Each structure stands twice: as structure tokens, then as C-alpha cells.
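Sequences listed follow chains A and B, in order. Going by the numbering used here, the first residue of the first sequence is number 1, and it counts up by one from there. Going by the numbering used here, the first residue of the second sequence is number 1, and it counts up by one from there.
To be clear, the hints were calculated from the coordinates, so they are not data collected in a lab. Careful: at least some of the hints might be erroneous.
As the list makes no split between identical chains, a pair holds if one copy fits it or if it spans any two.
Computed cross-link-like contacts, SDA-like style, restricted to lysine to any residue with a CA-CA straight-line distance of at most 20 angstroms [said to hold, decoys possible]:
{"id": "1", "residue 1": "K429", "residue 2": "D353"}
{"id": "2", "residue 1": "K181", "residue 2": "G263"}
{"id": "3", "residue 1": "K429", "residue 2": "G359"}
{"id": "4", "residue 1": "K186", "residue 2": "D74"}
{"id": "5", "residue 1": "K429", "residue 2": "T368"}
{"id": "6", "residue 1": "K429", "residue 2": "R371"}
{"id": "7", "residue 1": "K186", "residue 2": "A355"}
{"id": "8", "residue 1": "K429", "residue 2": "A40"}
A quick note: this is a predicted structure, and the numbers were derived from the prediction, not measured.
The lines below spell out each chain.
There are 2 protein chains.
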Amino acid sequence: MAIRLDVSGMLRRAVPTGPDAAALDALGPRLAAAVQAFEARVREGVLGFRDLEAQAGERARVLDWAATARRGLDDVVVLGIGGSALGAVCLRTALLPRDWNARSADQRDGRPRLHVLDNVDPRSVAGLLELLDLARTRVLVVSKSGSTAETMAQYLLLRDRLAAQGLSAREHLAFITDPDKGALRKVAAAEGIPAFEVPPNVGGRFSVLSPVGTVPAALFGLDVQALIDGAIAMRDRCTSAQLRENPALAFAALQWHAHETAGQGAHVLMPYSDALRDLGPWFVQLWAESLGKRTADGRHVGPTPIAAVGATDQHAQVQLFMEGPRDKTVTFVDVESHPDDLGIPHGDGAPADLAYLRGHTFGELLRTECRATAGALARGGRPTMTLRVSQVDAWHLGGLFMFFELATIYAAGLYGIDPLDQPGVELGKQLTYYQFGHPQWQGMREIWESLPASDPHWVL
Amino acid sequence: MAIRLDVSGMLRRAVPTGPDAAALDALGPRLAAAVQAFEARVREGVLGFRDLEAQAGERARVLDWAATARRGLDDVVVLGIGGSALGAVCLRTALLPRDWNARSADQRDGRPRLHVLDNVDPRSVAGLLELLDLARTRVLVVSKSGSTAETMAQYLLLRDRLAAQGLSAREHLAFITDPDKGALRKVAAAEGIPAFEVPPNVGGRFSVLSPVGTVPAALFGLDVQALIDGAIAMRDRCTSAQLRENPALAFAALQWHAHETAGQGAHVLMPYSDALRDLGPWFVQLWAESLGKRTADGRHVGPTPIAAVGATDQHAQVQLFMEGPRDKTVTFVDVESHPDDLGIPHGDGAPADLAYLRGHTFGELLRTECRATAGALARGGRPTMTLRVSQVDAWHLGGLFMFFELATIYAAGLYGIDPLDQPGVELGKQLTYYQFGHPQWQGMREIWESLPASDPHWVL
Chain A
1 MAIRLDVSGM LRRAVPTGPD AAALDALGPR LAAAVQAFEA RVREGVLGFR
51 DLEAQAGERA RVLDWAATAR RGLDDVVVLG IGGSALGAVC LRTALLPRDW
101 NARSADQRDG RPRLHVLDNV DPRSVAGLLE LLDLARTRVL VVSKSGSTAE
151 TMAQYLLLRD RLAAQGLSAR EHLAFITDPD KGALRKVAAA EGIPAFEVPP
201 NVGGRFSVLS PVGTVPAALF GLDVQALIDG AIAMRDRCTS AQLRENPALA
251 FAALQWHAHE TAGQGAHVLM PYSDALRDLG PWFVQLWAES LGKRTADGRH
301 VGPTPIAAVG ATDQHAQVQL FMEGPRDKTV TFVDVESHPD DLGIPHGDGA
351 PADLAYLRGH TFGELLRTEC RATAGALARG GRPTMTLRVS QVDAWHLGGL
401 FMFFELATIY AAGLYGIDPL DQPGVELGKQ LTYYQFGHPQ WQGMREIWES
451 LPASDPHWVL
Chain B
1 MAIRLDVSGM LRRAVPTGPD AAALDALGPR LAAAVQAFEA RVREGVLGFR
51 DLEAQAGERA RVLDWAATAR RGLDDVVVLG IGGSALGAVC LRTALLPRDW
101 NARSADQRDG RPRLHVLDNV DPRSVAGLLE LLDLARTRVL VVSKSGSTAE
151 TMAQYLLLRD RLAAQGLSAR EHLAFITDPD KGALRKVAAA EGIPAFEVPP
201 NVGGRFSVLS PVGTVPAALF GLDVQALIDG AIAMRDRCTS AQLRENPALA
251 FAALQWHAHE TAGQGAHVLM PYSDALRDLG PWFVQLWAES LGKRTADGRH
301 VGPTPIAAVG ATDQHAQVQL FMEGPRDKTV TFVDVESHPD DLGIPHGDGA
351 PADLAYLRGH TFGELLRTEC RATAGALARG GRPTMTLRVS QVDAWHLGGL
401 FMFFELATIY AAGLYGIDPL DQPGVELGKQ LTYYQFGHPQ WQGMREIWES
451 LPASDPHWVL
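Looking at chain A on its own, in the form it has when it is part of the complex:
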């Protein structure tokens, strides 16, 4: 079991824009400051995502509850958006077989299907309701604040549908929310609905190892302990202020340095693995929403994360990564072991042109393409790094989550911003509240009316 970060392809020896030994040495004070900023946040008590031991009690409660709650379920529905949805999607894709929801109950060993409703598009909402037998469904309502408009609208609808069928909220709902605040917590207390805690010091996009991820994981019998153990192992490996001794710091520092010194602010994450396909969108939210910020002195900073999948995106985005502007870094994830590997057969009637595939396996093809793409990018002077994971399982996934979460906090120190807030989305929310007649936001009227309207002469 191992996760190794190979940063060779980011350095001067591989690409002309990369740092040489002197530049790396010169980074020392910046890194020390970033680590200090990190430690200051630890002392403030706002980086609860690291303190997985402190969540052990709640985790035991989750596992205990799930052992009973999972019985007799055909479907589990997650109502959540952003950090309340992306972790569950990633866990499903990584740790359950492909096309889980298309499998028969037998093919799923009697485990339920998992639906993540992360939008308010009525077509999706209505389409999902058509699929469900609510009497055999558990709905997880996930909102740290307990007030997210999209999730609350979904909750109101599902609650109404349960009531219409005479089904008990207590038996068919569960909440994952703040221990004290918000509408959901009040309802849970009043009605005895099972409710699990997102610790106040764990931000939404850092919450996948809290009940936000562990409740769905436990309902599917995934190895929650291995997930947590992998995360703890990574956390304990990433403590040094020395780049060479702290992979999460090395990732953050080299990405930031590429952005700062060479304008390489588009940060691609490209797992060569379908199981890790949804790690990309999870990372995109984490990196974008944490680091895309206005600094205290009014500058607009932050990298632009981009999700890709290998080998698939060799036929979509790699042309741009190879020949487009030199504004990108690419981080590969290479999976070393494929227990299900399959040979490529070459039987009767197979075209002679394809003889070169004979005797090879799909896993070899996938890994060779990863190496070839990394090599081609290096030859084009484009910086890359590679995360090598022994295999895709709960332990390694937990390690990857922790790796990127720690790297995000370090990067925030380097960019000089607060990784834990998201002030840029408030105005849009408030304008929506105003339009919906929310009594608290009637002051938005002036702003709404001042927005540039569409000019009919420019509607084509």
C-alpha cells in the first residue's frame, strides 16, 4: 500500500520553466511562511478535517446506525450540492463496480443503488422520483448549514412525497448537518430524525471524511476504517516544512511556483483510471473554491483546476495541453496494479494491422499511454507530475483526499488567501433570495435593478 508523488517532471532537469536547485532553495522562506500560516489555522481550531481521531465517536455512531439502516433498502438518495455531493459521487465511482445503478439487486449483492441529486433541474428531480419506491428508500439530506436553497427545495419535495405515501420521516430520512445550527437540526430534534454531525470546524469541501462521506460509504458496506486509516497515514507523512519531506507541500509549492513564475495557472488533474474519474470534479471544487479569491490588497488570484481522464482525454484535451499556450501543469494519477486486468486477444479474423496489440493487456496499454503522454509533454517542455497509487481502494482514496486537502491549505498560504471562505458566491445567492421574495434580502432590489439588462439589439 503506497502513494508516491513523483515531481521530477516539474523541475528544471525536465522542463525549462521548472525550478533548479537554487530556485528551490530560494523557496524556503515562502514555504516556511506557508507552513506557519497552516499551523496558525490549526491553532485557531478551524482545520478540523485533519483531526480524524476527534471524529471517532461520531464515526462509530454512523457505522452502528448504518448496520441496521442499510437493511431492506433498494435505493439511497443523497440530496446535496457542491462539497455535499462530490465526495459521495467520487466514493461511488471509485469503490463500487462500474455502472452500479444499472446492476440488478443480485449483481449488487443486495446492496442499494446510490443516487446523488446535486441540482434543482426539474427533469432530474422528476426523473429520479420515477425510479424510486420510497417505501424502500433512504434519503440523506446533506447540508452543513442546513439552509442550502437547492438542497432544501429537494428536501421539502421528498418530505412531501413521503407524507403523501404515509411513510415516516424518521424511517426514510437522515440528516447530515451542523451539530447545532440550521433548519435541519431543528427538524431532527423535533421529529427524532437520525442526524449526523459535520463538525463546525470542517468546511464543506473538506468534509468527505466526515459523515458527509462516511454515512453513504457505511450504507454500502465500504471500508470506512481503511478510508480513515489511509487519510491518517497521509496526514502523518505530511508534517515537515521541507518540500522534500512533505509531498502535499511539494505539490502545493510546485503548482504555485509554476503559476507565479511561469504563468502556469491551469492545473490539470488526469487520473489514468476510470475508478478515479470523479476524483477530478472533487479536486476541481476543492482547488477552485478554496484558492480562487480576492486578496486583502485587492488582487484576484488563484489557479484554474481542470479535470481530465486518461487515456480518454488523449482524444480530447491533450492536443491543447501539448500545443496550446504554456499555461498549464498536468498531474497524472497512475494506478500500479489492476487486479481485473484482461489480455487483448488476437483470434481468427483479427486484422493483421492490429497484431502489435497481441500479448499485451488493457492495464499495460493504459499505463503505457500514461508514460507516453507524460514523456511527450516533457519533450514539449510542459511540466507534469505523477501520483502513483498501488491500487484503487478505500485506503488509497482516503490518502488522496487528505493529500489534496492538505495541499490546498498550503497553497492558500502561498497565494496569500483564506482557503475556508467563499465570499464570491454570496451575491448570486442573495439575488436569488431577493427574487424569491425572501424577507431578509429585500435590500437587494437596488442591485438587481442596476444589473445590466439584456440589450435586444444584441440578442441574435
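Got chain A sorted already, so can you dock chain B onto it with the hints?
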């Protein structure tokens, strides 16, 4: 039925970086040159994607074949990657109900499931095989060249599995490939396997309206004629060299202008629609692979397309779009009509904090959030445009495909590159061939051996 492009939010009246009237006038000669470049390619006969009438015969053959072939199928599998996969995925998500493959045969009106295998990860390949009853499966092998390594490896495996079960290739395979060239065409001719033509003058990423998209569409009983009619209507609307009279040209010109004059080269496509969720990745391939190029004089150019979905990404990427670097444009797709719209109920026990949602619908919430986000971005000085589509159906989807395809060719004229090639991916392919012992590529040895190897001192 209508698609309207609102470009107000890209102009100086809305955002300080946008062009004013004089700047738009000054664009005239560049636009004329781009349109001339476009017309030159039309005369060369390489823009076959526009000539949908010329494909009418093959389309009739597709529809005729599919009417019989679709009987008795439980599963349709597309083997394809990049432009051979993304169109089928987009059609499925847009035009079939949510979670199509999770539905029972009754819920699908007896129509088959649709699987798109777009990678060589053995876990996906093995996982898909577990799901299929090959005796009730049709496998579409999609490769214009008939030699794509990933697709050919999948083909060899499926062929082998069919043979092992004594199933006829003719009854269970169909090829979508070049009319003359490549391994698949030879096999089709030798064995009488149904084969449909990707016209030689239609590039892979412009092929969704060719049999690449119409064969799967026809097997699912989708309205292929409406898809084509919508595309033709858009094509016929986009003929002028005047920005004001040609929406595809306006899109291309304003995106390019934002990149050229204000460094806004990250081009986000953000449909507020789950049905259009997979339009994003289709657009990303089209825009990235067509425009991310080295120019004749050695510059590296091209925008970086980014897929997002509203309202979901308000909780993931919008913070970055609002407060991060001013290097992005955002194009919304707003769907005007939601035939399945649902009210947000507010029954007994619903929290008082959520009373503001009462009396509204999910569709209203979705569209209000789109307007609010566009407004908030405008207020932050960030350029946006909006494509308004009456509803999501085959006609509008055909129109959107054609819109973006035309815009891509215009943009290529403005960036000064060839939109139809992808030279940047050749080296990676050739290195893979070399590693697999392909006799033609043994000359790659020197390059492979010169690639910067991983430095063990930098594997952390």
C-alpha cells in the same frame, strides 16, 4: 422552437473589458478574413459536417437498418473514444430520461440500455462485460480511421467474447468508420458486418450528426430528422460575415476578442440544465482539440474550454469565476421551458426559515439562479453570454451542435490555425506503439530513451 444568443454581457456596456461600438467596427476586417478562411475550407471540401443533405442517403440507410436491428436488444455498447464517444454520451443525457441505464426494461419502454466504453481501464471493461448478455447486445465499433488503439483493443476483446459464445459477428457488431480506409472497413467487407460511413470530409470531433451520432440515436428511437433539421436551421442562420447577423460568428469573435485583448482565454460553458450536462465535455473536446495549436510561425495559441453545470457549480467553480483572475468568460445555456416542472411544497412541519421557497417551482429556482449568477458576474466586471433555448429536444440539440461547430471554424480563422488536425497527440501515440513493439515505430526508440526519467530523489 428557437435558440437565441444574448451577447449583451460581453460588451463594454456590461463589462469594462468588453468591446465598445468602435472596437466592434474595428473587428470588421478580421471577421471578414475569418469568414474567407472558412469559405476557402468549404471550397476545399473539408467541411463536410455542414453538408447534411449530402449525407441523406447514408442516414436513410441508418434508419432503415436500426428499425430492424433495435428489436430484441437489452444493451447497446459504443466502443469509441473522444469524438467517437462524446456525442453519443451527450445525446443519451439530453434525450433519454435521467438514469436511463438504471431503469427497468418497462421503464425504458423496452428500449435497450446504452453503454459508452471510452477508455481501456480493465476495471471498466471487465465491469461492463459482467453486465451484458451478449446474445441480446449490439456493439457499435466507432473509429473513423478504423485503427484507434483503444477502440481496437476493445473490439478484439468483444469479438473474442462473441466467438466464445458462438454468437455471430454480423448479428452483434456494427462498424462506423471511413468508407474505404482502415482495418474495420476490411473486416466489414470480408465478413458482411453492417458498416456505416463517416464521410472522409467530416472530422471526428465534428461527426456527431453523421452515423457516429445517428446510429445510436436511431437504435433508441430518437428523432434523428429533428436533430438534423435543427442543425440545418442553425447552419442556414449562420452565413453572414456580419457579427450581428451570424450568431456562431458572434460567439467566436467575442470569445477570441476577449482572449486577444483582455487575456480571457478560459472559456466556460455552463448550461443550467442536467439534460445538457454532457454538452460541456463535447464542447471541451471540440474547442480544445480544434483550437489548441502551434501556429505556422511557432506561437502556441488557443483557449482553454471548461465545462460547468448550473446551478451545481455555483457550489464548486463560481467562486473562482467571480473572484479569481479575470481570465475567463462564461457562456450560460438557459432552458426556457421545463415541461416536467415541479412545485416546491411547504407542508406540515416544513421549517419556517424555508417559507421563501413556498409557491415557487424547481424550474423557477434554476432559471432565477442562472439570471442571478449572470448578474453577479456582470457586477464583478466578468464577461458572460447566454444561449437561450426553448427546450431540450432533438431539434435544439442539433442546433447547438451546429452552432458550436461553426463557431469553432470561425475561431480557427481568428486564431490563425487549422481546426481540423491534431498533430500534438501523435508523439504520445507513437511512443505507445513503440513500447508495444509496433514494427512501424521502432524509430521511436531514441526519443523514448531520451525522455527525462523519474529521479528517485524526487519521488516523495
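Against the structure, the hints:
1. K429 / D353: For K429 and D353, the Cα distance is within 20 angstroms only across copies (15 angstroms; inside one copy 57 angstroms).
2. K181 / G263: neither (42 angstroms within a copy, 43 angstroms between copies)
3. K429 / G359: For K429 and G359, only the inter-copy Cα distance (18 angstroms) is at most 20 angstroms; the intra-copy one is 57 angstroms.
4. K186 / D74: neither (28 angstroms within a copy, 47 angstroms between copies)
5. K429 / T368: Result: close only across copies, 10 angstroms inter versus 46 angstroms intra.
6. K429 / R371: Classified as between; 11 angstroms across copies, 44 angstroms inside a copy.
7. K186 / A355: Classified as between: cross-chain Cα gap 15 angstroms, same-chain 66 angstroms, threshold 20 angstroms.
8. K429 / A40: For K429 and A40, neither the intra-copy (31 angstroms) nor the inter-copy (48 angstroms) Cα distance is at most 20 angstroms.
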